[in-house]
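Student: Chains as they are written, first to last, in my numbering: chain F, 11 to 274; chain G, 1289 to 1551.
You may find that some hints are simply not true.
As the list claims (entries may be wrong) - For lysine-lysine, the following DSBU-like pairs were computed, each having C-alpha atoms within a straight-line distance of at most 35 Å:
id, chain 1, residue 1, chain 2, residue 2
1, G, Lys1541, G, Lys1494
2, G, Lys1544, F, Lys37
3, G, Lys1297, G, Lys1544
4, F, Lys27, F, Lys108
5, G, Lys1368, F, Lys108
6, G, Lys1375, F, Lys37
7, G, Lys1375, F, Lys108
8, G, Lys1471, F, Lys27
Source of the hints: derived by calculation from the structure; they are not laboratory data.
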Amino acid sequence: MLTEVKNQWKVTMLSIKYALQREMLNKVTFFSNIIFMMLNNACFIVQWIILYSLKNEVGGYSFKQILLLWGIAAGTFGVSHFFFKESYELSETINTGKLDAFLIQPKNVLLSCITSSVEVSCIGDMIYGWIMLFIYGFTLKNALLFAFFCITGGFILTSVAVIFASLSFWFGRVEIVANTINSLMTNFATYPEGIFKGFVKILFYTILPIGIVNFLPIQLLKDFNFSTFLIIIGVTILFIAVAFFLFYKGLKRYSSSNLMNVRV
Amino acid sequence: MRKYFYILKSELMSNLQYAFDILVGFISYCILIFIFLNLWKYIYADPTELINGYNMNQMIWYVIITEILWMSLGGRKLCKKICNDVKSGNIAYNINKPYNYVEYALFNHMGLVIIRFILVGLLGLILGIVFLHSFPSLTILEILGVLLSCLLATIINIMLVTSIGLISFFIEDANPFFWLYSKMILVIGTIFPIEFFPAVLQPIIKFSPIYVVSYGPAKLFVNFTMTNWTQIMIAQGIYLVISFLICHGIYYKGVKKLNVNGG
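Isolated chain F (complex conformation) (with noise of 0.2 Å):
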């Protein structure tokens, strides 16, 4: 069982470098994204400073705190698109027939797609959360707590775009549908939580878990509580389970489509 987890995390290592390594071919357009993608989240600050300049605080959020809130956001959405850049296409990779290609291969399937290649620009995203904490207060205990929630948001992040993805199974075109979802996710999880109420907070809970994402990680790194930081754990491993449970599920009812594909 180790030795194969072993192999799986060494295979998935390999396939992420090197779709890295192509991604480097041109370093010009490389370097070019990383910056600009970093620029491109900076920007946002300028939101922040007029809004602060209207009210000290904006939903229960100090200023430092929304620049953490940014850099949380930045960091999950940058550790999910970076790695597993293609779990946003696997809703299209399912309904087009290019699964096929990832049948055959004798690792796990999720993982061998969804990994197959990288997205340059969001690592742009993970060094403007570091830059965000920094700005915060870097501490020992907020970089690896940081480090450790930038990994599960990521994860779940990730799972939801699988769960959604995986649906096409079933119903087939539901792009839109996991299109949508995750543009909520990205568009609500830099606003301070406060300034929702009613129905769209329960929703941070359960369908749309920016809450365990972005929310809760905010308060543990004001104010660290165990049984919060054992919640975030278990709901991210309840989120990547369904995902593998739904995937390997709605797989059984895949057909191909004969379509010849090349992977170079």
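For chain F, the structure is supplied; the task is to place chain G on it using the hints.
Tutor: Just chain G now, with coordinates in the frame of chain F:
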């Protein structure tokens, strides 16, 4: 000119077939308006309170109009298309046609923008009326004045995005420049009126494209005055000429560098 209107018409007819798909794509517009509605409700303790000369309803209408302009533009799609045309060499097929590529890109993209503007415009107006139970008091003539300003804003925006896409002649991927441009428009031009920025920055923003592509039409919608309209029209006229010259300048300089491998 007739050939360009023919391109516009055929693109318009083609996009009409996908009106439903376009409408579904506007879910993110609804989400953004919902977020800003919540945000401004939180910031304005009293909806009638004035912050920098705007009450809560005016602020939300301002965001609704600027977002209509930005969402209907489809700038990312245009920039990506032009980048791909240049990178893949497809532009070679357009160069030898009896039209100018820049004008072709403008009229071709307008075919998409018109459909998007009508759909997202209706959606925005419905959202505004449902959430705010109010509509700015505008006469028919004033509405026409705002629409003219929106049209000029869109043409200027298309020319500027096309210019960014044409940078692909010189560097491989111009998309990162578009990200920056879009964030500049979004953060400085869409979310807040110019009056919300520090006094020292306001004159700079007034001379930037943000004034003509975003602030101008939205300001006219929430608070129409003849003086404002005249000022915005003059600024849009100047920017129209500048963006036209920049776009053609980059295009002609880039075409000289073009080297397409046959295939």
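Student: Now tell me, hint by hint, if it's right for this structure.
Tutor: How the hints compare with the structure:
1. G/Lys1541 with G/Lys1494: holds (29 Å)
2. G/Lys1544 with F/Lys37: holds (25 Å)
3. G/Lys1297 with G/Lys1544: Roughly 31 Å between the alpha carbons, so the hint for G/Lys1297 and G/Lys1544 holds.
4. F/Lys27 with F/Lys108: Holds, because 22 Å separates the two Cα atoms, which is no more than 35 Å.
5. G/Lys1368 with F/Lys108: Holds, at roughly 24 Å.
6. G/Lys1375 with F/Lys37: Judged against 35 Å, a Cα distance of about 17 Å means the pair holds.
7. G/Lys1375 with F/Lys108: Holds, at about 26 Å.
8. G/Lys1471 with F/Lys27: holds (31 Å)
Checked against the numbered hints above, the structure violates none of them.
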